[in-house]
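Enquirer: The lines below spell out each chain.
There are 2 protein chains.
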Amino acid sequence: MAEAVTPTPLLKDELDIVIPTIRNLDFLEMWRPFFQQYHLIIVQDGDPAKTIKVPEGFDYELYNRNDINRILGPKASCISFKDSACRCFGYLVSKKKYVFTIDDDCFVATEPSGKKINALEQHIKNLLCPSTPFFFNTLYDPYRGGADFVRGYPFSLREGVPTAVSHGLWLNIPDYDAPTQLVKPLERNTRYVDAVMTIPKGTLFPMCGMNLAFNRELIGPAMYFGLMGDGQPIGRYDDMWAGWCTKVICDHLGLGVKTGLPYIYHSKASNPFVNLKKEYKGIYWQEELIPFFQSVALPKDCNTVQKCYIELSKQVRAKLSKVDDYFVKLADAMVTWIEAWDELNPSPADLSNGSSK
Amino acid sequence: MAEAVTPTPLLKDELDIVIPTIRNLDFLEMWRPFFQQYHLIIVQDGDPAKTIKVPEGFDYELYNRNDINRILGPKASCISFKDSACRCFGYLVSKKKYVFTIDDDCFVATEPSGKKINALEQHIKNLLCPSTPFFFNTLYDPYRGGADFVRGYPFSLREGVPTAVSHGLWLNIPDYDAPTQLVKPLERNTRYVDAVMTIPKGTLFPMCGMNLAFNRELIGPAMYFGLMGDGQPIGRYDDMWAGWCTKVICDHLGLGVKTGLPYIYHSKASNPFVNLKKEYKGIYWQEELIPFFQSVALPKDCNTVQKCYIELSKQVRAKLSKVDDYFVKLADAMVTWIEAWDELNPSPADLSNGSSK
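Protein chains in written order, with UniProt numbering: chain A, 1 to 357; chain B, 1 to 357.
Extracted from the complex, chain A is given alone in its bound form (with noise of 0.2 Å):
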C-alpha cells in the first residue's frame, strides 16, 4: 500500500463509539483524525430541547431523552437520567459487536515520545488478542511485540481466552474519588506506564467509564450502568456498579478483562463538593457490595450473559436490600434492562421462530 493511502482503519464497521454528553461536542476535533472513520453514538442528557453540536463530517446518531422514552416505552426507567449512567443506552441500540465510550472531557494523550496516541487502535489491539486470567505473566501482555510468557507459565493456558473488555487509563487529572480529590487537589497523573495486562480471575477492580471498550456480542448485556443521578440516592458508580458485574460474569464465563493502554488526556476535574455528594452513599455501601461481589457464585446453568445478569439481580435483591432498599429498585431495573436489550437485540433464534418476546 503507497503512504499516501489512508489505511482502513480497524473494524470500522464493526464498532461503534457512544459519547455521553450535555454539550457542544467541541471536542470531537481533537479527535478527527482517530474517529472520523467510525460511526458515533451520541447519548444526549438533560434537557431534550437543548441542541447538541457535533462538529461537521462526524457520522453520527444522536438521542436524547425524548428518543430514549420513545424507543423503550415503561422500559426507559432503567435508564439514568442527569447521569452519564445514560451512555448504557448506546450499548442497546448499537448493533455493532464492539462499543469504544469515552467522555467528552478526554482530549488526545501523547507518549513520552510525543506521538500522540490512537486510544481507539490500542483498545482493538487489545480486545482483538486473547486474556490470560488465569495465571499472571510478569513481563505483562505476552501477546505484545517483544514480549512472551515467561519461563514457568504453563503451556496449556498459552491461548488465553477472548477478551472481553478493554479498561484505558488517564494522563493528567486521575480518577480519583471526591474525599482524595479533595485531599490532593493538585494531583496530576504524569506517569505513562507502558503496559497492558489481564486482571486475574477472581480479582475485582474499579472499572472507569471514561476510557473503555468492549465486546458487545461477548458481555454487552452486562454493560448495564445502574440508576444514578436525578431520583436516585447515589451518583458515580455508574461504571464502578458495571465493572463489578462484568468482571464477575466474565470470570464465570471464561471471558478476560485488560487494563493499562491506551491513556487519554482527561482535561477537567469534576467538582469535588458536588462529587461527594454524589458519593457519599457509595462510599460506605462499597464496603458491603465487594464482599458480595467477591463471594458471587453463579451457577452453571447460567451460559449466557443474560442468564448471568438475570441470576445476579436476584442475589442482589436478596443479599443487598438489607444494605438500603435502592438495591430492589436496582435489582428491577437489571432485569428490565436485560428485558429491553432483549427486545432490541433479538437473536438470530428469535427471529426465526417469529418471536418478538
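Simulated from the structure, these hints should not be mistaken for lab results. Check the hints yourself; a few may be wrong.
As the list makes no split between identical chains, a pair holds if one copy fits it or if it spans any two.
To be verified - 25 Å max Cα-Cα, derived SDA-like pairs, lysine to any residue:
hint	residue 1	residue 2
1	K50	D26
2	K277	S156
3	K115	T190
4	K116	M30
5	K12	Y265
6	K300	G202
7	K116	Y192
Please build the complex by placing chain B on the supplied structure of chain A, with the hints as guidance.
Expert: Then chain B, alone, in the frame of chain A:
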C-alpha cells in the same frame, strides 16, 4: 545533608545480599556503588576446591559445599548441588530481616532517561511499603509518589498489608523457558514498564530468582528452592517452586507479593539445549502442579510460615506423589529444610527455654 556526604544506604544493617555462583565475582564491580556498604553472602556451587575471587572492598562471607555439609550435617541433603537452587542456603544462614538475591550474570540496568537503576533501593522501597492483594488498583502502586487509590477502591482496604516479596524484572535477555528460547533466540526485552504492582490474592505467578528480595522474618521459611541439579530429575524450577509455595502461604497469612520495578540488565542467555534437558520434566509436571497450588487450602491453625510449610509438604506428598516419586523426596526435603531453618534460626522463645530443638 551536604551533597558531598554519601548518605547511609537504606537498611544497611538489616539486609543481606545472597549470590549463588561458580565463578569469580567480577560482576560486582558494576554494582560497587550500590552494594559495597551491604553484607554479601556468597554461596559457592560446584567444586569446593575452587577459589572464587571477590573484588576488593566488599564485606562478605562465603560458603562452599564443604561448609554447607559441616554446618547442616545430614540436613545438608535438602540443599541442592550444581544448581543455583543452592542459594537458599544463604537465606538460612542470614541473620538479617531482609534478603536480596541476584544472579552473577545480572548487571546494572538503565532507565529510559539513561539513569543507572539502583535495583536494591527500589526493592527496599517495595518491601517497606504495603501491598494491596484484595482489590486491583488500576493506577498500579497506590503508595508511589504521584499515585493513589482510584475512585471505587474500598477505603477499608487502603491500609494494605505487609509486603513479603519484591519480584524484580529483567531488561535485555528475558527469563524464557527453553522452548521459547529456541523459538525466539533473538528476542530481547527492551520495554521499560514504570510500574510496581501487587499480585492479587489467589493468583499464582512465575517467580524468578534472578532479581528478588524478600522479608526474611515474614516469609523466609517458605523461600526453599527445592531439590534441583545434581542427582535430581529436574532443574530450573527452583525459583518457580519457591514462588508457588510462597504465594500460597502469603495469601493464607495475608501478606503481599509485588512485581515490576526494579529492572536489572540480564546479560547472558543460558544454553537452551542444556535448559531443555533440565526443564522438560518440569514443563509437563507443572501442568499438574499449578492446579494443585491453585487449590491448596491451609487450615486456620497454620498461623506461622513454618506450620504452613509443613502442612504444604504433607499435601505435596499426598497429592503429587502420583505425578512422580520425586515429589515424595521433595516433600521430605521440605520438612528437612524447616528443621534446618529452626535449628539455625531459633525463635526467642526457644532460646529463653534453653531448648535447641
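Enquirer: Which holds for K116 with Y192 at a C-alpha limit of 25 Å: within a copy, between copies, both or neither?
Expert: Answer is both; intra-copy 13 Å and inter-copy 19 Å each pass.
Enquirer: Under a CA distance limit of 25 Å, which applies to K115 and T190: within one copy, between copies, both, or neither?
Expert: both (15 Å within a copy, 19 Å between copies)
Enquirer: Pop the pair K12 and Y265 into one bin, within, between, both or neither, using alpha-carbon distances up to 25 Å.
Expert: within (23 Å within a copy, 42 Å between copies)
Enquirer: Indicate which option fits the pair K277, S156 if close means a Cα-Cα distance not exceeding 25 Å: within, between, both or neither.
Expert: Close across copies (20 Å), not inside one copy (49 Å); limit 25 Å.
Enquirer: 25 Å Cα cut-off: does K300 pair with G202 within a copy, between copies, both or neither?
Expert: both (16 Å within a copy, 21 Å between copies)
Enquirer: When no copy is named, should K116 and M30 be tagged within, between, both, or neither for a Cα gap of at most 25 Å?
Expert: For K116 and M30, only the intra-copy Cα distance (11 Å) is at most 25 Å; the inter-copy one is 38 Å.
Enquirer: Indicate which option fits the pair K50, D26 if close means a Cα-Cα distance not exceeding 25 Å: within, between, both or neither.
Expert: within (16 Å within a copy, 74 Å between copies)
Comparing the model with each earlier hint shows no violations; every hint is respected.
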